[in-house]
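Residues per chain are reported as follows:
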Amino acid sequence: MGHATACVTPREGLAPERRIAMDFALIGHQESWRSAADVFAVLRGAERTQLPDDEIMEIFPWIPPRAVCNVEAFSATGATARGLYIDCFIPPDRLASEYLHDNIGRVRVAAACAIKAGARIVSLGGFSSILVEGNFNHLPVAADTIFTTGNTLTVAFIVRGIRKMCALERRDISRSTLLIVGATGDVGSGCTRCLAPFVKRVVLCARNAKRLQILAAELEADGTKVEIAKSLEQSPFEADIVICAASVASPSLQLGRIAPEAIICDAGYPKNLSPRSDMSGARVFFGGMGQIAGGLSFKPNFKGVLNRHPFPDVAHGCLLEGMVLALACRFEPFSHGRGFIRRERVEEIEAIAALHGIHLAPLFNADGPLKTPE
Amino acid sequence: MESLVSLTCSEQVVCNSTLPTASIWQDVLAQAVTGELMAAMNYSALSTICDDPEEVTDALEHAQGEQGHAAAFIAEGRKIGVEVPNNVNARYWKRIREAFMRCIATRDLIACLIVQEIMLESFAVASYSRVGKAAPGSLGKTFAAIAAEEEGHIDHAMEILRTERALAPERFDDKVYRLHLDVMTTLTEMVAKECRHGQCDLCHSDCVKPSLSEVGLSTTELRGASLQQYLKSLDRLGLPGEVTLQWVTQLPV
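So the sequence lines, in the order shown, correspond to chains A and B. Add 35 to a position in the first sequence, counting from 1, and you land on the number used in our numbering. Add 132 to a position in the second sequence, counting from 1, and you land on the number used in our numbering.
Rather than coming from a laboratory, the hints here were simulated on the basis of the structure. Heads up, a few of these hints could be off.
Interface residues of chain B toward chain A, partial, derived using beta-carbon atoms under 7 Å [stated by the list, open to error]:
| # | residue |
| --- | --- |
| 1 | T238 |
| 2 | R239 |
| 3 | L363 |
Residues from chain A that keep clear of chain B, each with C-beta distances beyond 10 Å, as calculated [said to hold, decoys possible]:
| # | residue |
| --- | --- |
| 4 | N105 |
| 5 | K245 |
| 6 | Q289 |
Quick reminder that beta carbons are idealized off the backbone N, C-alpha and C, glycines included.
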């Protein structure tokens, strides 16, 4: 594999302290104290005593958003994109709405770090895009830096994952009832639009009744059978395919009426589903994950720490979208706002990703790789 | 320069105040007074290695300003009925002073500014701000006012240091790192949860750290705020965030 550099052009007239040649930046946060501890372990190095958990929990909230490591993404075409991973240092137990103001502030500072580093495109991963509701007006402005929420590629991988699971389970998707939890969110609504034409019935679940009505009307206009459930307990039908794409501060959802062998995709970050959920018989997998065939490298070496998954070079779709766009030299806000994700856009980003060797990751859940039927 | 300081070691001082938390504030003030006196000594020493007469004047004015801060803290102590001791030879302060004097010995003006203005002042601004919010009446106001003044010092030094860094960023960052290892380990120990290596030689009886919660403070908050301010100062200087993050996470627990 060659190492041609993707679209890196020196930029004129930058302030002396501003770095150049950064194709992308990824803004994210840790979803658990365990992952935060793992990050600290790498930063401290193996030769030092690891910090006790209570020390980490005390110091973590005080760290200003900042770059944690350099990242390189290697394309199947031989191109390389260079970037930074920037952590907002939002404490994993402070994603709830009472911390909204502080957390938006952190995302803004992280965005400023990306701009200062000269990143041409910035992916807002996890809650960072939810916090600003995909509205980039909340973020600092810079002519040379574009933001994307990464949600379109996330939807692409969720939908691809659902299709793959249905094929593995020999499930006829056209006879399925699809429940979308968090249906009116950007990812939830995007998944709904992509899958609605192919399923028997869609059940939409979200907190905002007005947005639910609007989405339902849109789908019904296209001929989809739609039901609305204002809560998981109120679902009128037993779903056999479920997508969890709600923005919840911690894994707390307990599904209501689902079929005994339902296919369940948990696409949350943090995860939606409560570990105490009774889903025996269901086939659960973590959705929205992609794998980069050419590989990823981190400096310092956070491989397996920032992307703690049972397969190598796997990352969340929201972060991969920034890398894909950088590799393709498409420095544009591909995903923004809420409710604009359509099938054509999903197919477009998936095709661009595929060109660079970025595909749906092998399926896995909390127990590891999914065991597939013989 | 040592004559600027009148050493009143903590064991000679008693607390006669009727304010229940006076003895806690006495120890907090002792740290602040010692820090300010040390800063005065440092600026005086700095004046001896400045080539530019304006810089010499500047440094001496700074020294006077820090002495003024020390006097203000001592006055606040008297208002609440306590005599505030100081001890620049106390365990941690002595190490910091020695680190600074090593920079003086090599006539490294930039290193001196990094130690005093970035490292020490970051801690001062952060901890004074927190104390300013927790302390009652004029004591709190004085801490808050001095925190704001110290922030002004950082701003002034920032310009000089950024210019220096622009000339040779790698060399500058290496220098900051060496000083970080020398000074920040001591400062971090100073604000650790407990003084593991024995008393700091400033608290007038038992270590004040376990009692800070009685006045609405904690070592967690003071340490966190100080490291946050330090990281922000390094960010403003232009050092890469991922590098300074490693430095700070590698500090002793």
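Now the hints, each set against the structure:
Interface restraint check for T238/B: the shortest CB-CB distance to chain A comes to about 27 Å, outside 7 Å, so the restraint is violated. Look at R239/B: its Cβ only gets to about 27 Å from chain A, farther than 7 Å, so that hint breaks. Interface restraint check: L363/B against chain A, minimum CB-CB distance 6 Å, threshold 7 Å, status holds. The beta carbon of N105/A sits about 7 Å from the closest Cβ of chain B, which is not more than 10 Å, so the claim that it is off the interface is violated.
Residue placement check: K245/A keeps its beta carbon more than 10 Å from all beta carbons of chain B (closest about 41 Å). Every Cβ of chain B is farther than 10 Å from the Cβ of Q289/A; the closest lies at roughly 35 Å, confirming the non-interface assignment.
Violated hints, in rising order: 1, 2 and 4; the structure is consistent with all others.
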